[in-house]
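Trainee: Here the sequence shown is numbered in our numbering, starting from 72 and rising by one per residue.
None of these hints come from the bench; they were simulated from the model. None of the values given here were measured: they were computed from a predicted structure. Possibly wrong hints are sitting among the right ones.
With a cut-off of at most 20 Å between alpha-carbon atoms, the simulated DMTMM-like pairs for lysine to aspartate or glutamate come out as follows [claimed, not checked]:
1) K87 x D100
2) K87 x E104
3) K87 x D76
4) K87 x E97
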Amino acid sequence: QLGVDLAIDVSTTRVKDAQRELGMREGFDIGMEMSGHPTA
72 QLGVDLAIDV STTRVKDAQR ELGMREGFDI GMEMSGHPTA
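Whole structure, please, built from the sequences with the hints as guidance.
Mentor: Listed below in structure tokens is the structure:
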């Protein structure tokens, strides 16, 4: 388990809205981009 606080779909949610939801005033410690496409 990774201990993820929030996972977002950036096609429907803005990153700055996610930051606000988490109460963040600075940047992220870790950001990961994943693709569900088999050839990616």
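Trainee: What's the verdict on K87 and E104, does the C-alpha distance respect the 20 Å limit or exceed it?
Mentor: holds, 16 Å
Trainee: Sort out whether D100 lies within 20 Å of K87, counting only the CA atoms.
Mentor: The given pair, whose Cα atoms are some 14 Å apart, holds under the 20 Å limit.
Trainee: Can the restraint linking K87 and E97 be considered satisfied, given a maximum Cα separation of 20 Å?
Mentor: Holds. K87 to E97 sits at ~10 Å (cutoff 20 Å).
Trainee: Is the straight-line distance between the alpha-carbon of K87 and that of D76 20 Å or less?
Mentor: OK: K87 and D76 at ~15 Å, within 20 Å.
The structure is consistent with each of the numbered hints, conforming to all of them.
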